[in-house]
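Protein chains in written order, with the UniProt record's numbering: chain A, 1 to 308; chain B, 1 to 396.
Note that these hints are calculated values from the structure, not bench results. Here a beta-carbon is modelled for each residue, glycine too, at the ideal position from N, C-alpha and C. Be a bit skeptical, because a hint or two may be false.
If you want the footprint, here are the derived chain A segments under chain B, 3+ residues with CB under 8 Å [as the list claims (entries may be wrong)]: (1) 4 to 11; (2) 34 to 40; (3) 197 to 207; (4) 288 to 302.
Residues from chain B that face chain A, not an exhaustive set, calculated with beta carbons under 7 Å [unchecked claim]: (5) P28; (6) I298; (7) L305; (8) W308; (9) V326.
A partial selection of chain A residues facing chain B, derived with a Cβ cut-off under 7 Å [said to hold, decoys possible]: (10) M1; (11) L149; (12) A153; (13) L232; (14) A243; (15) A247; (16) L260.
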Amino acid sequence: MRFELTDDQRDFGASLDRLLAGADTVAVARAWAADDTAPGLALWKRLAEQGVTSLAVPDSGATPVDLVVAFEALGRHAVPGPWVESAAYAPIALGEDISEQVVTAAVAPHVPYALDADVADRVLSVRDGALLDATAGERRTSVDRTRRLFEVAPGESAPAGDLVAAFDSAVLATSAQLLGCGERLLDDAVAYVKQRRQFGREIGSYQAVKHALADVRIALDFARPLVLGAALAGTTRTRDVAAAKVACADAAYLASRTALQVHGAVGYTAELDLSLWITKVRALVTAWGTPTHHRGVVLASLLDGGAA
Amino acid sequence: MDLSLSETELAFRDEARAWLAANVPAEPLPSMDTAEGFVAHQEWEARLAEARWSVVSWPREVGGREASLVEWVLFEEEYHRAGAPGRVSQNGIFLLAPILFDHGTPEQQQRFLPSMATGERIWAQAWSEPEAGSDLASLTSSARRDEDRGGWLLNGQKTWSSRAAFAHWGFGLFRSDVAAERHRGLTYLLFPLDAPGVTVRPIAQLDGEAGFAEIFLEDVFVPDADVLGAPGDGWRVAMSTAGNERGLSLRSPGRFCAAADRLVELYRNRSGFETGARAPSSTTGGDHHRDRVVDAWIAAQAYRLYTWGTVTRLAAGGDVGAAGSVNKVFWSELDIALHETALDLLGPEAEVESAWLDGYTFSLSGPIYAGTNEIQRNIVAERILGLPKEPRGAAR
Ligand SMILES: Cc1cc2nc3c(=O)[nH]c(=O)nc-3n(C[C@H](O)[C@H](O)[C@H](O)COP(=O)(O)OP(=O)(O)OC[C@H]3O[C@@H](n4cnc5c(N)ncnc54)[C@H](O)[C@@H]3O)c2cc1C
Chain A
1 MRFELTDDQR DFGASLDRLL AGADTVAVAR AWAADDTAPG LALWKRLAEQ GVTSLAVPDS
61 GATPVDLVVA FEALGRHAVP GPWVESAAYA PIALGEDISE QVVTAAVAPH VPYALDADVA
121 DRVLSVRDGA LLDATAGERR TSVDRTRRLF EVAPGESAPA GDLVAAFDSA VLATSAQLLG
181 CGERLLDDAV AYVKQRRQFG REIGSYQAVK HALADVRIAL DFARPLVLGA ALAGTTRTRD
241 VAAAKVACAD AAYLASRTAL QVHGAVGYTA ELDLSLWITK VRALVTAWGT PTHHRGVVLA
301 SLLDGGAA
Chain B
1 MDLSLSETEL AFRDEARAWL AANVPAEPLP SMDTAEGFVA HQEWEARLAE ARWSVVSWPR
61 EVGGREASLV EWVLFEEEYH RAGAPGRVSQ NGIFLLAPIL FDHGTPEQQQ RFLPSMATGE
121 RIWAQAWSEP EAGSDLASLT SSARRDEDRG GWLLNGQKTW SSRAAFAHWG FGLFRSDVAA
181 ERHRGLTYLL FPLDAPGVTV RPIAQLDGEA GFAEIFLEDV FVPDADVLGA PGDGWRVAMS
241 TAGNERGLSL RSPGRFCAAA DRLVELYRNR SGFETGARAP SSTTGGDHHR DRVVDAWIAA
301 QAYRLYTWGT VTRLAAGGDV GAAGSVNKVF WSELDIALHE TALDLLGPEA EVESAWLDGY
361 TFSLSGPIYA GTNEIQRNIV AERILGLPKE PRGAAR
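Please construct the entire structure, taking both the sequences and the accompanying hints into account.
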């Protein structure tokens with residue numbers, strides 16, 4: 001029993017963090033939102049070189065814990081693009097190594113639109129449990145402008161791997177991404193309240209502000225072990241990733257609401273970088289299964305299998 | 001990173017599970033806050049001790065089995081899953097014992113630990129005072145030097161002391177140097193609750209039972225042998241358990257996981273649909289109840305996994321530190337959520353005496369004792385997030 005990241009896992013996270021911190025991901029994300037996808041695709045290549053697109057490839061040697069570590073970093077830095085679809089879902093859904101490609105997917109009914117289908121090398125669609133190749137259709141606007149959503153027109157059926165395991169993997173990755181977003185929102189909020197002054201003192205010295213941020217810290221601290229536990233789960237994986245998604249969505253959403261509140265009006269502007277994470281969290285809360293869906297999964301598993 | 005257990009740990013868990021299955025009383029014991037229940041709980045402690053399950057992590061010489069931290073958590077999980085009685089000895093074994101191990105003299109350890117392990121001597125924590133709650137360092141009960149007899153004379157009043165109505169000894173903080181800065185000049189002392197000059201007045205709690213008491217002290221003599229740590233060093237000594245109390249020892253995950261499992265059972269029974277059904281029926285309150293049951297279960301899981309993280313850090317030589325405050329807020333709110341949800345499921349039956357109702361009433365005190373949640377949030381904000389300190393008024 002050693003329920004902490006290994007040094008290798010920590011180092012992997014730290015190296016991604018360094019790479020992303022130096023890559024001006026905010027500018028990349030803003031460009032992506034404005035349909036200038038070149039900087040995002042260049043960053044994609046660099047991350048692929050670090051192995052991020054191979055993390056869920058069968059027999060790659062990476063584990064779901066590595067996947068969690070990477071997606072937390074992607075969330076923390078608001079990296080745009082169909083990462084969950086390409087790196088967490090597609091390799092398992094197709095049962096093959098597609099780490100050289102950008103792949104996206106619409107998985108009915110939980111993922112109605114394919115993210116960034118216009119830049120993908122391959123667009124997948126799942127209908128009634130069947131995997132199909134698809135083409136991008138009409139564009140939809142997400143609350144998160146960096147999520148460029150497309151309807152899909154299904155085509156030929158494709159040889160499928162394990163679609164259930166693939167969905168679980170995507171849920172796990174989304175949970176980790178939410179966690180990263182939540183951590184970033186908390187960091188930015190803490191930095192801001194230490195420096196913003198009203199009534200002659202830092203607003204961070206007021207208890208109403210302090211306690212709100214302490215609650216975010218607590219919520220994130222208790223969401224993280226669920227994600228790591230789900231990454232290690234065996235037979236209860238579907239239930240455990242569902243539980244992780246519920247907790248991460250709640251914690252990250254609390255982080256976003258609180259970060260917005262303590263920033264006051266400036267937090268309500270699109271100019272402030274904070275807005276990237278606030279809108280991303282809102283989108284990810286319902287991406288890859290809504291909280292209601294995942295609560296249902298947890299409950300059904302408990303009622304089926306007994307509570308233990 | 002892995003969550004698997006070793007052969008030894010699994011064997012330990014199985015042994016505990018088997019013993020508990022064979023020994024946990026079929027009928028719940030009467031409340032430990034009644035004279036009759038207190039004795040029944042002491043008898044249970046003795047039975048646990050005889051089989052060396054009362055203080056599994058302690059050295060063998062003083063009644064333990066030198067279990068590792070992992071094994072201790074496993075034992076707690078089994079203990080609660082088996083529905084075993086609450087620990088009447090918990091103040092002693094969870095709050096005082098760690099201090100005795102760290103700061104007690106060998107003589108004190110020999111004198112106090114074995115009777116704590118058997119439940120023969122039950123301890124009460126005498127920290128709070130009527131005017132010193134959250135601001136504990138403002139306490140005024142005094143310890144005055146008695147050179148002639150080689151000891152200290154205690155005076156003042158302690159309050160909210162759990163189990164003191166029936167307990168045998170108390171441990172507490174007293175001001176031994178009025179001139180010193182307020183966190184200095186405090187001394188940690190142990191004293192019998194039947195010593196001359198001690199008056200204990202039971203206080204009925206929300207459920208009507210005397211779960212705690214106030215303690216009046218009038219020239220109570222305590223020999224030097226019963227000072228824990230150095231005179232004047234009481235604050236530092238005491239704070240070394242406060243982290244424990246909030247962090248891990250007082251509320252192991254087993255109790256919440258067991259309660260969450262019972263909550264799922266309650267939901268299953270109340271919902272009137274067959275195992276495996278996906279949709280809640282109207283009698284369960286629909287999505288609202290469903291979500292709360294699931295959220296409570298998820299939170300209990302989170303607590304369990306979080307604890308494995310804490311155990312990993314402690315085993316590697318780390319300490320709980322301010323993270324104990326994160327923990328405390330979480331478990332106390334989880335406890336209330338679990339029980340409120342159960343009462344909601346029980347509907348109009350909820351007001352009738354039941355184990356759920358008892359648990360609910362007790363859960364309400366969680367955000368107050370072991371340092372209120374407001375104080376814990378201050379600690380999280382200041383020590384973990386690094387936010388500016390609250391401006392304080394002139395102390396004392
Ligand atoms: C069931 C139970 C068992 C207990 N057992 C024991 C025991 O065995 N031994 C023992 O010594 N004590 C015990 N206590 C006492 C407990 O430790 C105290 O109640 C606690 O420390 C709070 O002190 P207080 O009750 O005086 O409240 P106060 O300190 O008066 O606080 C009242 C309210 O004001 C808030 N408040 C105070 N200061 C601040 C601040 N700076 N910022 C924000 N809010 C603040 C508090 O959070 C609380 O909500 C027990 C209490 C309970 C309920």
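Numbered hints the structure breaks, given as an ascending list: 2, 5, 11, 12, 16
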